[in-house]
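Chemist: Sequence:
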Amino acid sequence: MDRIIDQVPAFEGRVYDKAVEDTPVPYVTMGASYGIDDDAECIEARLITVQVDIWDSARDETGDVDKGVCEDLTDDVAAALKGWADTDALTMHPLRVTLVRVMDDPDGVSVHGVVQVEVLVEG
242 MDRIIDQVPA FEGRVYDKAV EDTPVPYVTM GASYGIDDDA ECIEARLITV
292 QVDIWDSARD ETGDVDKGVC EDLTDDVAAA LKGWADTDAL TMHPLRVTLV
342 RVMDDPDGVS VHGVVQVEVL VEG
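Residue 242 is where the sequence shown starts when you use this note's numbering, and the numbers rise one by one after that.
One or more of the hints may lead you astray.
Below, a list of computed lysine-lysine pairs in the DSS-like style, where the Cα atoms sit at most 30 Å apart [to be verified]:
#1 K259 with K308
#2 K259 with K323
#3 K308 with K323
Simulated restraints, written as ranges between beta carbons of each label pair [to be verified]:
#4 A260 with D301: 21 to 27 Å
#5 G309 with D279: 23 to 29 Å
#6 Y275 with D329: 21 to 27 Å
Honestly, the hints are just simulated from the structure, not real lab data.
All figures in this text were calculated on a predicted structure; none of them were measured in a lab.
A virtual CB, placed ideally from N, CA and C, is assigned to each residue, including glycine.
Put together the whole structure using the sequences plus the hints.
Modeler: So this is what it looks like as structure tokens:
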């Protein structure tokens, strides 16, 4: 989360585990995550997948939802996470971005971006 706050100033620090209904946009929340064992001989490891959700409701000059703004923010998050590793905190391989997508939200007001990353963590 600190990596996104540091590398994507457009969120103005609005990166949360869970946002509340009136959270100002744009913002980021941490989505679903899961891990699978990926042990090798003498090395315990887990392959972890994490979803990062980007939320926005920017409007274009006609008042329609502007997906382009969310696409740019989603690309910025993907770029901030791609290849990053916090090896001071744990034994991990660089993050791999495995999915980037932007879609209309069913609320009809918001646009939802998704960045999915995978990381191999040892230990």
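Chemist: Indicate, hint by hint, whether the structure satisfies it.
Modeler: Here's how the hints hold up against the structure:
1. K259 with K308: 22 Å, holds
2. K259 with K323: 23 Å, holds
3. K308 with K323: Holds - the C-alpha atoms of K323 and K308 are around 22 Å apart, at most 30 Å.
4. A260 with D301: 21 to 27 Å: Between A260 and D301, where Cβ atoms are some 24 Å apart, the hint holds.
5. G309 with D279: 23 to 29 Å: 37 Å, violated
6. Y275 with D329: 21 to 27 Å: Between Y275 and D329, where Cβ atoms are some 25 Å apart, the hint holds.
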